[in-house]
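With the hints as your guide, set chains Y and G onto chain W.
Residue numbers (this note's numbering), protein chains in the order written: chain W, 1 to 292; chain Y, 1 to 366; chain G, 1 to 296.
The set of hints was computed from the structure by calculation and includes no laboratory data. Because the structure is a prediction, the values reported are computed rather than measured. One thing to keep in mind: the hints can contain errors.
Mimicking DSS-like on lysine-lysine, the simulated pairs with C-alpha atoms at most 27 Å apart in a straight line are [as the list claims (entries may be wrong)]: (1) Y:K29 - Y:K5; (2) G:K69 - Y:K111; (3) W:K10 - G:K288; (4) G:K69 - W:K135; (5) W:K188 - W:K214; (6) W:K77 - W:K214; (7) W:K77 - W:K236; (8) W:K236 - W:K135; (9) Y:K124 - Y:K5; (10) Y:K111 - Y:K124; (11) W:K188 - G:K69; (12) Y:K29 - Y:K322.
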Amino acid sequence: MAARTLAQRKQITAWLYASPLVIVLLPFFVAPILVVIIASFLENDGFGGMVRHFTLANYAAIFGAELTWRLYLSTIKFAVLTWAATLVIGFWVAYFLVFHVRNQLLAIGLFLLCTVPFWTSNIIRMISWIPLLGKNGLVNSVLLSSGAIHQPLEFLLFSDFAVIVAYVHQLTIFMIVPIFNAMARIDKRTVEAARDAGASRFDVMRFIIVPLSKNGIALGSIFVLSIVMGDFFVVKVMSGGGSASIVSALFEDIAVLQYPPAAASAVVLLAIVVIMIALILRTVDVRKEIAR
Amino acid sequence: MAAAKGDIELAGVYKRFGDVVAVDGVNLKIPDAAYCCILGPSGCGKTTILRMIAGHEDPTGGEILIGGDNVTGLPPVERRTAMMFQSYALFPHLTVRDNVAFALRVRGLSKPDRYQAADAMLEKVRLTELADRLPGHLSGGQQQRVALARAAITEPRVLLLDEPLSALDEQLRIQMRTELRRMQRELGITFIHVTHTQLEAIALADLVVVMEHGRIKQAGAAREVYAEPRDRYVADFLGGQNVLSGTVQTVNGASLIVSAPQAKDIVVPLAGRSRVASGDQIDVAVRRDDIHLRRASVTVDQDWNALSARIRAIEYQGFFVKVMLDSLGENELVAYVPERQFFEDAFEVGDVVLATWSAERSRLLV
Amino acid sequence: MSTAPVALSRSAMRARRRIAEGVEPKRPWTFWVLATLFAGYVLALYGPMLCIYVLSLQDIRGGLVFPMKGLSLHWFIDLFTQVRTGDVKGGFERSIVLAVLVTVLTVVGSFLAGLAFRQRFKGDGVVFYLMIGSLVAPGLVLGIGIGLLFQYLGIEATWYTSALGAHLSWTLPFGVLVMFAVMSRFDRAWEEAARDLGATRWQIIWMVVVPILAPGLVAVALFGFTLSYDEFSRSLQTSGSLNTLPLEIWSMTLNVTSPSLYALGTVTTIASFLIIGVCLGAIALIQKRRASRVAD
Numbered sequence: 001m002a003a004r005t006l007a008q009r010k011q012i013t014a015w016l017y018a019s020p021l022v023i024v025l026l027p028f029f030v031a032p033i034l035v036v037i038i039a040s041f042l043e044n045d046g047f048g049g050m051v052r053h054f055t056l057a058n059y060a061a062i063f064g065a066e067l068t069w070r071l072y073l074s075t076i077k078f079a080v081l082t083w084a085a086t087l088v089i090g091f092w093v094a095y096f097l098v099f100h101v102r103n104q105l106l107a108i109g110l111f112l113l114c115t116v117p118f119w120t121s122n123i124i125r126m127i128s129w130i131p132l133l134g135k136n137g138l139v140n141s142v143l144l145s146s147g148a149i150h151q152p153l154e155f156l157l158f159s160d161f162a163v164i165v166a167y168v169h170q171l172t173i174f175m176i177v178p179i180f181n182a183m184a185r186i187d188k189r190t191v192e193a194a195r196d197a198g199a200s201r202f203d204v205m206r207f208i209i210v211p212l213s214k215n216g217i218a219l220g221s222i223f224v225l226s227i228v229m230g231d232f233f234v235v236k237v238m239s240g241g242g243s244a245s246i247v248s249a250l251f252e253d254i255a256v257l258q259y260p261p262a263a264a265s266a267v268v269l270l271a272i273v274v275i276m277i278a279l280i281l282r283t284v285d286v287r288k289e290i291a292r
Numbered sequence: 001m002a003a004a005k006g007d008i009e010l011a012g013v014y015k016r017f018g019d020v021v022a023v024d025g026v027n028l029k030i031p032d033a034a035y036c037c038i039l040g041p042s043g044c045g046k047t048t049i050l051r052m053i054a055g056h057e058d059p060t061g062g063e064i065l066i067g068g069d070n071v072t073g074l075p076p077v078e079r080r081t082a083m084m085f086q087s088y089a090l091f092p093h094l095t096v097r098d099n100v101a102f103a104l105r106v107r108g109l110s111k112p113d114r115y116q117a118a119d120a121m122l123e124k125v126r127l128t129e130l131a132d133r134l135p136g137h138l139s140g141g142q143q144q145r146v147a148l149a150r151a152a153i154t155e156p157r158v159l160l161l162d163e164p165l166s167a168l169d170e171q172l173r174i175q176m177r178t179e180l181r182r183m184q185r186e187l188g189i190t191f192i193h194v195t196h197t198q199l200e201a202i203a204l205a206d207l208v209v210v211m212e213h214g215r216i217k218q219a220g221a222a223r224e225v226y227a228e229p230r231d232r233y234v235a236d237f238l239g240g241q242n243v244l245s246g247t248v249q250t251v252n253g254a255s256l257i258v259s260a261p262q263a264k265d266i267v268v269p270l271a272g273r274s275r276v277a278s279g280d281q282i283d284v285a286v287r288r289d290d291i292h293l294r295r296a297s298v299t300v301d302q303d304w305n306a307l308s309a310r311i312r313a314i315e316y317q318g319f320f321v322k323v324m325l326d327s328l329g330e331n332e333l334v335a336y337v338p339e340r341q342f343f344e345d346a347f348e349v350g351d352v353v354l355a356t357w358s359a360e361r362s363r364l365l366v
Numbered sequence: 001m002s003t004a005p006v007a008l009s010r011s012a013m014r015a016r017r018r019i020a021e022g023v024e025p026k027r028p029w030t031f032w033v034l035a036t037l038f039a040g041y042v043l044a045l046y047g048p049m050l051c052i053y054v055l056s057l058q059d060i061r062g063g064l065v066f067p068m069k070g071l072s073l074h075w076f077i078d079l080f081t082q083v084r085t086g087d088v089k090g091g092f093e094r095s096i097v098l099a100v101l102v103t104v105l106t107v108v109g110s111f112l113a114g115l116a117f118r119q120r121f122k123g124d125g126v127v128f129y130l131m132i133g134s135l136v137a138p139g140l141v142l143g144i145g146i147g148l149l150f151q152y153l154g155i156e157a158t159w160y161t162s163a164l165g166a167h168l169s170w171t172l173p174f175g176v177l178v179m180f181a182v183m184s185r186f187d188r189a190w191e192e193a194a195r196d197l198g199a200t201r202w203q204i205i206w207m208v209v210v211p212i213l214a215p216g217l218v219a220v221a222l223f224g225f226t227l228s229y230d231e232f233s234r235s236l237q238t239s240g241s242l243n244t245l246p247l248e249i250w251s252m253t254l255n256v257t258s259p260s261l262y263a264l265g266t267v268t269t270i271a272s273f274l275i276i277g278v279c280l281g282a283i284a285l286i287q288k289r290r291a292s293r294v295a296d
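One chain only, chain W, in its complex shape:
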């Protein structure tokens, strides 16, 4: 008879299967984070090195600086606005693709159509906002020639508006994919049963579609929020240097080799992002997506 029971063998196999993932995560996630955490407690020698001396000075500097609070406020503001916009657009696009497009091949085709722009480098797309939204850009030209406005719109580029537009442009797809996936799993017969019982389309949305898409919405939100909180060049470029983000400030520190303060800033940011994500994960059971 087998020396190990079936159950024990299954556990070992599971670990073997999970090992590639763990082998990547340990040196390329766990270790770097630990390094950064350690660096944040070290003393800065001012010349690009770190003195092996435990200090809380870096954190004190962060929490004491008014700049920190302003940066966080600004970044969180962008994150929330982007999240709201991507949610609204993403939800309705996903809904359209799942419930209104009848042919499956067409739905896939339309979906792929939405992904093509992402094969062009992010940075090229970033530069192309200028000819689109600038004073002499396409949008202004069209609006001027049609007579809708008489002066070119200045706020379109190098402003908070531009930052949000760039984020939403880049990140809506991250909302669409998980919501699409969650909606595609809704049994259309439950919708039929509800209509049969007299529910209006609004009722169906409120009582069936939205609750059953919650997992997708949560996942999409996690993607969007974490990417915006961690961004460092979209803000700089699209605001014309007017706004900064936490990570862009961090990046500047790195550029002048001030590692410990940068590390402390990174740790604080990481903690905040983790708290945000944890709050979202509390609202849904993401593990339900996995094994029975």
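Leaving out everything else, chains Y and G in the frame of chain W:
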């Protein structure tokens, strides 16, 4: 004595999942080339036993022998058993022929060889024209035959079927029943068929095993289990019997007089069971087709038992009429009246009648 | 038995007329609203791209903004031939190789991890949250951490070691999440049936699980390739002395900028449309062939 290849023996088999005991000490012997049906409601442990014989679950205790070999702990392929799953589990990405040939492909047979064997098997189940179809384009009955062919190609000594007919509609179910029986005779191997439909079990099986809560309540030939149930549970589950509970009033020689809340002085033959005494609580069974319904005014013979009852519902069933009567408290009394007899003097719902049966047709239950 | 006359609403009367005339049912008004929204979204998505396409067709006098100067393929030629302050060709090659490596490793790693998570195993919660952590951690922070780590260990950071690892720490969690979604629709009975018929564990995976999950694996591959090819923040500190394409473009935008970048954008779009067209065409062809096989 050398055991025949496909006979099965379960010795003290016990299975628990966490706190739940699914199979509670089962002992059973199934002879080679028998058609055995394990019958019981959901959760009684029948599927668990099937899976343990197949090798997809390991028992927590006890042993399983097939053909005299102890197979406990062996993987399915080494037991020479094959299983037909309730959902058929046909591989959706393979054609019918590839599905059937799968077991041979896994053993390393070349394409021409395994296709030849697969086609021969498809002949047997009469699916040759569908060999190139995908499972998604087959009807329920066709899928079932593919599943059967796929399992049988490995030449197992035992074929295990997990509720094979449950997914089919009524007419198809009856049709496929004969198919299964025919296949079993042709292959000459042991079939173990799990089901919750009693009529199916008694139609097919050489050996019927009735289960409840992980234990075997009765195992025997179909006729024995249906006509002579050993206890109330088996009688109720198999249907076909009415069961009355009562107290023994007197014991006189070959028979008892039982008093039940709904009827007095029911005469029950002892049939060799001497350990019953006055004052004991016992169950009495009467076959549904042994009950004759009479108008309330009629006088009844001496050696006939009679019970007054009101007709609650009448169902026409073709060759007989099912009459459901109010009288036994929670269990209703049911009479199967031959059709022609019923319509000679038809009763109506609400009529008060006498349910009568010949005293010697009452049976004592354990 | 009589039925009282029912007062019909206008929409019911219209529906009845349509049925009587044998006309196809019309779509609800919500369809048109949503279709407009969707069209608007696609238009907005391609908006910047349109500028790229148009401006890439300028002649040698062209700049980065409107008004447009001339019409020619100058910048396309410039893109492929010029040796400039940037190494577009080298960056492109490195990005492609890296993306292919990342894709292969991601598909294999996500598939295996997806298999692992189908049951509860000791520490599965820890692995799951580590994975989520790797997904949400700001790319630059991880990049810095990896850079420092390699520096401390004395290993040189290159695009095929540290950058590869950095990319994987981003694509693997994505891939695993996709696998979760795909595997939840997989019926375990298929595996049991295969096991019953005598297949070994590897045979089951190779002959049953992988073919059935193939569309999901393709999705993971697509994700992995796209995420790696365009990856920037994690690569910044980890790719060492030789740049990947996004880094190359970044340094180009900081130094010298010309419409050749737009030409690059146009070329990638054409390439992606071609690839998608081929894939969809292949799927349609397979479906048609299957249907015809069933018909005989």
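- [ ] Please flag the earlier hints that this structure goes against, numbers listed from lowest up.
- [x] Violated: hints 2, 3, 11 and 12.
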